[in-house]
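Assembling the complex is the task here: the two chains are given apart, and the hints tell you how they should meet.
Going down the list, the protein sequences come from chains A and B.
Be aware that the first sequence starts at 1, since it is given in the numbering used here, and climbs by one per residue.
Be aware that the second sequence starts at 1001, since it is given in the numbering used here, and climbs by one per residue.
For the record, the hints were derived by calculation from the structure and aren't laboratory data.
For every residue, glycine included, the Cβ atom is placed at its ideal position computed from N, Cα and C.
One or more hints might be untrue.
Stated by the list, open to error - On the chain B side, residues computed to face chain A include the following (Cβ under 10 Å): (1) 1048; (2) 1053; (3) 1054.
Claimed, not checked - FRET-style restraints, in silico, Cβ to Cβ: (4) 1082(B) to 166(A): 12 to 22 Å; (5) 182(A) to 1535(B): 18 to 28 Å; (6) 1079(B) to 154(A): 28 to 38 Å; (7) 134(A) to 1082(B): 26 to 36 Å; (8) 106(A) to 1116(B): 50 to 60 Å; (9) 1767(B) to 182(A): 32 to 42 Å; (10) 193(A) to 1031(B): 34 to 44 Å; (11) 182(A) to 1529(B): 48 to 58 Å; (12) 1701(B) to 106(A): 42 to 52 Å.
Stated by the list, open to error - Taking lysine-lysine and the BS3-like style, the derived pairs with C-alpha atoms no more than 27 Å apart in a straight line are: (13) 1622(B) to 1578(B); (14) 1543(B) to 1530(B); (15) 1062(B) to 1591(B); (16) 105(A) to 120(A); (17) 1242(B) to 105(A); (18) 1578(B) to 1441(B); (19) 1062(B) to 1530(B); (20) 1349(B) to 1622(B); (21) 120(A) to 1242(B); (22) 182(A) to 1242(B); (23) 120(A) to 182(A); (24) 1699(B) to 182(A).
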Amino acid sequence: MPHVMLFAFDLERGLPAQQGLSAAEWIRGVGITAALVAILTLLLVELLYRHRLRRETYNWLLLLGLLVLPAIALMSTATTVFEETKTVGSCASCHVMDPFVNDMKNPTSASLAARHYRNKWIADHQCYSCHTTYGAHGTLAAKRDGFRHWLLYVTETWTEPIQYSGTYPNSNCLACHANTRKFAAVRSHGVLAPDLASDRVSCVTCHGPPHPVPSERQSPRANR
Amino acid sequence: MGGVEAEERYEVNHQQYQHGLTRRELLRWMATSAGVVCVGPLSGCSSLWERQPVIPVEAWHKGVCRFCGTGCGIQIGVRGGRVVDVKGDEYAHNKGRLCIKGVLNRDILYTQDRALHPLIRRDGELQQATWDEAMTLIARRFREAIDRFGPHSVAFYGSGQLFTQESYTANKLFKAGIGTNNVEGNPRLCMASAAAGYVSVFGMDEPLGCYEDIDAADCFFVTGSNMAECHPVLWERILDRKRSQPGTFIIVVDPRRTMTARHADLHLDILPGTDVALFNAMIYEFILQGFVDTDMVEHYLTFREGTRTRTYADLRRHVAQYTPERVADICGVSARQISEAAFRFASSKATMSLWTMGLNQQSQGTAANRLVMALHLLTGQIGQPGATPFSLTGQPNAGGGVRDTGALAHALPNGRIVTSPKDRHEMEDLWGVPRGRISAKPGYHAVALFEAMERGDVKCCLVMCTNPAQSLPNVERHRRAMRKAFLVVADAFHPTETTQLADVVLPAALWTEKEGVFSQSERRYHLVPKLVDPPGEARSDLKILVEMADRLGYGALISARNPREVWEEWRQISAHSKYDFSGITYVRLQKERGLLWPCPSEDHPGTCRRYVPGEDPLARGKGRFDFYGRPNGRVVIWLHEQEQPKDPTTDAFPLVLTTGRVLEHWHTMTITGRLEALTGIHPNFLEIHPQDAALLGIKEGEEVVVRSRRGQADFIARLTDTIRPGLVFATFHSARHLVNRATNDVYDPFSKQPEYKLCAVLIDRKR
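Next up, chain B with everything else stripped away, as it sits in the complex (with noise of 0.2 Å):
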């Protein structure tokens, strides 16, 4: 075949063929297809290769969420100057886990009534004013009440969410600078009974162990706690350690059969306010059985009832009439039960306590903290691993940010107190302002302050990120003393029942769009930092407090004046006490997972275990304890009477109301309520026992009205067989539904924190 040939047959092959594919082409055609069709949902080309993230993200933060006192380490995804994803943070303590409060930080800030712009009252209305136009408005208020009423007329209500820079900041302002001890805050509200009790029995506040304990403790006692809903990510962690050690027993006790009573193996389900004589009936089996350590009682405890000094055999003779015979009748439990539980609590290897507002918020708060932490110095359940009470904060920041900075009308920084020439006389010198500064009368806690309002004695005060206009008991008549005040709420978002009762209010930065540091339950002090810009005019409350004191003339008194600086002088000032974090730099903050105190030096690794020698390094001696918050290192065992209750049931109101929280929502739903993912639950709920609502003629999702001696509220009645009868509970986070004005602000002698959790009312129908 000649070439001429062949290329005339290749062009008549060709033409044949050109208007088709040639068999090769089809065959490629038909595999690239073929891999097109495996391949092509595997969008993008990098996920050829491997997974991709579903949301992307450009830089990936370090942070601590928004929400509980468990203080969860997360991990903040930024893209584009926005916040769009957070998960866990595999490297801090909740080791990635979180809840679904947690997961939905991602959303907070981008939610709808975000305060923008600075509002002022004017002609009843609130309107948008400058910023400039706000703050003089609000120094002159300040200024006029402290010329012409004294520095006492005004007054600083914060909270545990705000940074420890801006409660110490806050704090500094109003003590040293104005001269007044009115800087009080929410945490009196959630925190406070704990705060006595540690105080009052080991000379210093805060927990004396950490998480860590969880993993090696074999008996939970989990009491006036619902964590499986509240603190669900320690909660996580507690049944990881049943899952690993099936044989740890978990006991709880909670009036209601909760989602954490559920998981229990001994549910003491008591009579809400009962608790005292419980712990006193412990004690007392505790005795009878032998399993008080007699090693503590000679070296370690000393016994107090009131003013009076106490012995060891004055508490036997003391609680031999706390038999559980005799307290099954007051608690409405079985003595078998409470027999089982002292057992279990007294002969485990290691028992840890934890609990939070069902001891906390009653009128018996700081006797309950005292006689749990009793329970475990009785018995040498304490400074072991897994041995140790352990109270369970409700904020992020009311530890380090509200307690240690003593931003509370009774204290000072670091344990100090305001009734102490002594204590006075440190602070006025580490603050460099004049001996006599400080004023020697401590300010109005929480219920007082607001009833100083209503008096008129208290003219001004500046609200910081909270809501007492529904968080406080007996809400209305506390929210007429805020409509009397001249009243300053900085807050991120507008409206809240506060932000309505404002002359003023101030638009606030939120979580990241701000820096600062956070402390939780467990005394770790951790690094929230600053990710992206406020909305609209909004600014960070550091940055409201030191302009504030730049307007009244204290500006040399704040001198330091952004987040760094403010932590490094509060951090130096810890040195010169026993709560020395001295060693948590700046630079450790940003790059560890946060750090617990004592953490004298910036190369100690921080402290587990307080007052155990080796472990804190504050500890002097190579015995088991030292106790050196107390003056002889003996530590109190306080003898407490169980009180009747200041509320009782009556024809009248036969019910007992009882309040809580629900897993997904967070105190007065400020944030969470704005969520969109969360706006089908609905905290409107009243549980009821279906053998009272047949008594009442109430059906399941019935509309029903609560009265108590002090106000009402509306619910859906919801029946469920998990409440005692005799008791009914509503959330405090709804503020149409809202259980505040039924509840009584009475509150704990030594504590002043409010009773929440039980006050006598009557249920009707809606008509």
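Next up, chain A with everything else stripped away, as it sits in the complex (with noise of 0.2 Å):
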């Protein structure tokens, strides 16, 4: 799963190099490929070889051009989109948003987001590896949240200020920090780790907030 690689880096030696093509470039390729091969198939089969192909060559052809490389065109075009939406670019492309995106590229925030962001503690795609949840029940949950958040975005239904549904999972936060000597060193959270593993105790309760607080953010409707 791409999401568990992704935390997957030495600290020591930082973020890994990006070596090649990622699988999801790679797919986008084969959808692109895969579509544009099925426009030039269909235009030559009917426009210059129609007559020139024996029938079951053609009707071959035809599935290729209508089926096969269209419904490769579509997986790739859903992968895609399921990888693009991962990207910060995504989420900051509501303008709900915009006060968390710009907080965390602000090089000053102190807020648990920006910390993350300007020190490289998260490689990629850092809105969707803290909102998250590993698994695929996770990355469906993830997925739902984003299409609820979009239906509220363009239905204009959402409530001002945003919240955040439910409980954080500590999981999203003890993946990384929870085997390290830091955290282990702390007597609070020894005590707490029944709490912290049923979630019934949130980290961003102490080491919050992840986020600037209603009073630090406007209203995206006030701009406009």
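Here you go:
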């Protein structure tokens, strides 16, 4: 799973260098190629070679151009969209997120998000990394949240100030921090371990705020 | 194909497949199963659409943390008449942050040992009684004592954890009703030196600045405070400042390399009780390095030594003997560190000092407080954003509840004192009692009160919301005194060290089981709402005081009988003083996240920086400052000499003992000691340097006995190089490992605050 790999970099040596094409880029390339090949095939088959081809070959090529290649292109598109929505840019495309993204990129902000961003504690996809819980269900929940946010945004039915729904899962923090010496050295972490594991006590209660609090951010509606 | 034939074929097909699934059905089931597998773990239908809270809550209410003087705003989640969850309030000054104690507020009401019924000591045993029996007995014993031995034979010993309304009512009942100034409380053990410092320098109590100053300071001078453990949320705010502005410089003065000191850019691990010498040396450096603000000296300062008036030239002569080189020997740090601290303090754009018990709990506590204020006044590091001296309070309501209401033996509300006829008459008029009702004789301060009980001069004492049988220094002596007097203890918990000595125990409501106003370190008054019912027969302390007033015949005087009425009365009284918060109405308290006084009108937003014209509504003129607490507008720089230790080390007692706290526990652990989550945190240790341990043959984890000239206590040795050789440290949390058997009850001559921070001890392996 790509977001698991995301945390696998060696802190001592810094971030891993990008080597070759990523899976997402490769799939995107395949999709574009499939779409182009499909168009070209259909054009050639219909306009140039229709009468020169055997009926059987003609049918196979139509199947390829109309079904198989478009299916590959569609899969590629879906994958690309899934990958693309992990980026900070994708989150920032809704103005509701402006105060959060601006704060994250503010070099003098003390919020958790800003510190993780500027210190490169998270290599890439900084929003998505913290807002997606591990596992298939985590991904599903994140995509669902994203869809819900998008729906609220386009229908202009969200309420200001926006709030995090439900309980933030500590596993997102603990995935990196739990096995560190520094974490283990804090007595409070030890006695609160059951509460931290069950999310009854949130990491950000003591270590937050993760983002600017409502009084520090301006509603994007005010700008319009 | 005819219709009949088709029907027959359908029948055949149907019969053929009726024992299994059709292909279509199979596919449908597979798709549904796949869907269920995907969404199944997201239990509950609502979670299909959005994330759900782990702890379901019916309603959230804004409130305030029960613990320290940071006074964090919290949101309290209630379900089924119980507090079930607590989270930081994003709209409060703490921006949603809480420490471990703050989070555990949600459990404090439901721990074991809650006091449920009144208890009366019969045949040496505390036995269950009715409220009527208990209150009748209390009224009879207090009335007998007052009639036979005079009003000064009874006393009240309160707490910085009572609500403002409760401390105010107790003060009024005893001073304007019974006619004694024997109204004391645990703030004497905690904040008295800071209060004495502010009053003697600025003419008025309480800090000048506010928490917002943290966000603007470039240098922090943290002296005698382990903020990272004792005020963790404020400490995070300091770290936030450093995270935002990495050039921010943090100086920590503490004999131990505490969690706080580990983050310092400069740590001065001075010997306990040598603060006066250090601060004098810093003043010496200010003068030498040319950092003294001449405008301040010319227009805003005056100089004094004891009762004598002094000049700036006298100050220069006075500090001439406190060269860093000489003071380095006294304090046990290098001269270069002292010069560096002085340079950083004075040269930064804005320096904020923060301190608490490390300065206050010394026999030179007031002197140390005055000198920290002098550091700011002499360098002009004051009155600008980020530039201020700022004392931290240890309890949630020591400032507003006790210092501002004047619920101490020498004091009257809003900075008035009992020895001033004018102040007494003002309060007599405001309270509507005849002139002469308030005694001109100051009551007994904390240590003296228990000494008076020992002598038999004080016959009856009502102790509320505090645990002096554990928290007083040289505690065994004072326990004997408590056994001797008729002791009434109102507490939310039983047993405590103090309730065990009581003649009557009254079960008290805790935190959100009652309503009231707290005030924290930055002068913010804020409301704790009543959300749930107290357990058993427990009642609010206010209700207990009101009933006591009725039974003693002062019901007419105590006419405000619920939290709202008392607040309204108290708010209006404040308008007759320079501690004016008459604009903080009950409705505003209910609506807003508290307000900082002065706040003289209902549309005033509250004041961050006092004495600064333009910011402080009571400050007049256009100058840099209007020190309106002082008759001539000039604040006082006090000249103090470093004194010798009151309990010096000798061959018999070669080590110095100092005391403190840990992050997870609070005070005498009456509350935190009963929280299940904290059972794994044992404050049973004595920190000792490995070098001392080696000389004494003590090993890690070994049982040791600390002996002082007064008493002894057992601990488990914890070897650590975070403490200086020659120094040992224990917390005052544990009743079983009770450091206050050894501590010294000598006190500061001005503030009467006892010296918990140093005494000479001998360490032995337990045999």
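Going through the hints against the structure:
A cut of 10 Å between beta carbons decides the hint on residue 1048(B): the least distance to chain A is about 8 Å, and the hint holds. This hint holds: residue 1053(B) has a C-beta 5 Å from the nearest C-beta of chain A, less than the 10 Å allowed. At a threshold of 10 Å, the smallest CB-CB gap from residue 1054(B) to chain A is about 4 Å, leaving the interface hint in force. Checking the proposed 12 to 22 Å range against residue 1082(B) and residue 166(A) shows it holds: the Cβ atoms sit about 21 Å from each other.
Range check, residue 182(A) to residue 1535(B): about 40 Å between beta-carbon atoms, so the 18 to 28 Å window is missed. About 35 Å separates the C-beta atoms of residue 1079(B) and residue 154(A), a value consistent with the hinted range of 28 to 38 Å. The supplied range of 26 to 36 Å is met by residue 134(A) and residue 1082(B), whose beta-carbon atoms lie about 33 Å from each other. In this structure, residue 106(A) and residue 1116(B) meet the distance hint of 50 to 60 Å, their C-beta atoms being roughly 53 Å apart.
About 40 Å separates the C-beta atoms of residue 1767(B) and residue 182(A), a value consistent with the hinted range of 32 to 42 Å. Distance hint check for residue 193(A) and residue 1031(B): the Cβ-Cβ separation is about 41 Å, which falls inside the suggested range of 34 to 44 Å. Evaluation of the 48 to 58 Å hint for residue 182(A) and residue 1529(B) yields a failure: the beta carbon distance comes to about 38 Å. At roughly 48 Å, the beta carbons of residue 1701(B) and residue 106(A) sit within the given window of 42 to 52 Å.
As the CA atoms of residue 1622(B) and residue 1578(B) are separated by approximately 19 Å, the hinted pair is consistent with the 27 Å bound. This hinted pair checks out: residue 1543(B) and residue 1530(B) have alpha carbons roughly 14 Å apart, not beyond 27 Å. At roughly 9 Å between alpha-carbon atoms, residue 1062(B) and residue 1591(B) fall within 27 Å of each other, so this suggested pair holds. Between residue 105(A) and residue 120(A) the CA atoms are separated by roughly 11 Å; this keeps the pair inside 27 Å, and the hint holds.
Distance restraint check for residue 1242(B) and residue 105(A): the Cα-Cα separation of roughly 17 Å lies within the 27 Å cut-off, and the hinted pair is therefore satisfied. Distance restraint check for residue 1578(B) and residue 1441(B): the Cα-Cα separation of roughly 24 Å lies within the 27 Å cut-off, and the hinted pair is therefore satisfied. Restraint check: the Cα-Cα separation between residue 1062(B) and residue 1530(B) comes to about 11 Å, which is no more than 27 Å; the hinted pair holds. At most 27 Å may separate the alpha-carbon atoms for a hinted pair to count; residue 1349(B) and residue 1622(B) meet this at roughly 22 Å.
With a C-alpha separation of about 18 Å, the suggested pairing of residue 120(A) with residue 1242(B) holds against the 27 Å cut-off. As the CA atoms of residue 182(A) and residue 1242(B) are separated by approximately 20 Å, the hinted pair is consistent with the 27 Å bound. Simply put, residue 120(A) and residue 182(A) have alpha-carbon atoms about 19 Å apart, close enough for the 27 Å limit, and the pair holds. Restraint check for residue 1699(B) and residue 182(A): the C-alpha separation of about 26 Å stays at or below 27 Å, so the hint holds.
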